[in-house]
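Generate the whole structure from the sequences, applying the supplied hints.
Heads up: the sequence shown begins at 17 in the working numbering, then just goes up one per residue.
Please keep in mind that the hints were generated in silico from the structure rather than gathered at the bench.
Computed from a predicted model, the values in this text were never measured in an experiment.
Ideal Cβ positions, reconstructed from N, Cα and C, are used throughout, including at glycine.
Errors might be hidden in some of the hints.
Said to hold, decoys possible - In silico DSS-like pairs for lysine-lysine, Cα to Cα no more than 27 Å straight-line:
{"no.": "1", "residue 1": "K46", "residue 2": "K103"}
{"no.": "2", "residue 1": "K112", "residue 2": "K166"}
{"no.": "3", "residue 1": "K166", "residue 2": "K156"}
{"no.": "4", "residue 1": "K145", "residue 2": "K103"}
{"no.": "5", "residue 1": "K112", "residue 2": "K145"}
{"no.": "6", "residue 1": "K46", "residue 2": "K145"}
{"no.": "7", "residue 1": "K156", "residue 2": "K112"}
{"no.": "8", "residue 1": "K112", "residue 2": "K37"}
{"no.": "9", "residue 1": "K145", "residue 2": "K166"}
{"no.": "10", "residue 1": "K156", "residue 2": "K145"}
Claimed, not checked - Okay, the calculated beta carbon distance ranges per label pair:
{"no.": "11", "residue 1": "E19", "residue 2": "D142", "range": "31 to 39 Å"}
{"no.": "12", "residue 1": "A78", "residue 2": "E40", "range": "33 to 41 Å"}
{"no.": "13", "residue 1": "K46", "residue 2": "Q149", "range": "28 to 36 Å"}
{"no.": "14", "residue 1": "S119", "residue 2": "Q167", "range": "36 to 44 Å"}
{"no.": "15", "residue 1": "Q167", "residue 2": "H21", "range": "47 to 55 Å"}
{"no.": "16", "residue 1": "D55", "residue 2": "N30", "range": "17 to 25 Å"}
{"no.": "17", "residue 1": "G27", "residue 2": "K112", "range": "13 to 21 Å"}
{"no.": "18", "residue 1": "A74", "residue 2": "H21", "range": "28 to 36 Å"}
{"no.": "19", "residue 1": "S162", "residue 2": "Y137", "range": "13 to 21 Å"}
{"no.": "20", "residue 1": "K112", "residue 2": "E40", "range": "26 to 34 Å"}
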Amino acid sequence: MDEQHASAYYGAGNVCYHVDKFQEAIVFYKQAITSGLNDDQSVHFMIGLSYYQEDQHAFALASMMRAVELNREDAEAHFYCGLTYAKLDMIADAIKHFERAVSLNSEHADAFYNLGVAQMYLEQHDQAKESFQSALRIQKDHMLASHGLKQVMGTTE
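This is the structure in structure tokens:
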């Protein structure tokens, strides 16, 4: 195991990711893992993001769950687990991860917004209203949360 090579592979993966070459990024990230970064949470997170960008949600979920396993306090990893579960129509699981994300980062407007969307999907309108309002308290110009709040207000009145 060569930590220097592993870091180089990780860096190459990041370069590919940032120019939207997600499949190439995945190859480099996986090489980083086999070169010694298997327990590095950020590598698994980036693999998950890359798969997510490629609409390969089952693979994304496996990598995101590994990232969460390695760092249960990472709000962003929980947020992306939530997004991925939602893409897989596993809404109850998505809600759990969005809730964990906002408990770890109470200023994560997008996590509150997506929590609200998931709650609306399960017809939990009162909770969705609170989630959209929380997103708007954090980011007053959050257009999607504003739209979601208007939608949910129409269902609760």
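Hint check:
1. K46 - K103: Within the cut-off at roughly 24 Å; holds.
2. K112 - K166: 24 Å, holds
3. K166 - K156: 14 Å, holds
4. K145 - K103: 22 Å, holds
5. K112 - K145: Answer holds: K112 to K145 is near 17 Å, not above 27 Å.
6. K46 - K145: 41 Å, violated
7. K156 - K112: 25 Å, holds
8. K112 - K37: Violated: K112 and K37 sit about 31 Å apart, past 27 Å.
9. K145 - K166: 9 Å, holds
10. K156 - K145: 15 Å, holds
11. E19 - D142: 31 to 39 Å: 51 Å, violated
12. A78 - E40: 33 to 41 Å: For A78 and E40 the Cβ distance comes to about 19 Å; the hint is violated.
13. K46 - Q149: 28 to 36 Å: 42 Å Cβ-Cβ, so the 28 to 36 Å window is violated.
14. S119 - Q167: 36 to 44 Å: 25 Å, violated
15. Q167 - H21: 47 to 55 Å: Holds - the Cβ-Cβ distance for Q167 and H21, about 51 Å, lies within 47 to 55 Å.
16. D55 - N30: 17 to 25 Å: With a Cβ separation near 18 Å, D55 and N30 satisfy 17 to 25 Å, so the hint holds.
17. G27 - K112: 13 to 21 Å: 33 Å, violated
18. A74 - H21: 28 to 36 Å: 29 Å, holds
19. S162 - Y137: 13 to 21 Å: 18 Å, holds
20. K112 - E40: 26 to 34 Å: With Cβ atoms ~32 Å apart, the hint holds.
Hint compliance for this structure: hints 6, 8, 11, 12, 13, 14 and 17 are not met, and every other hint is.
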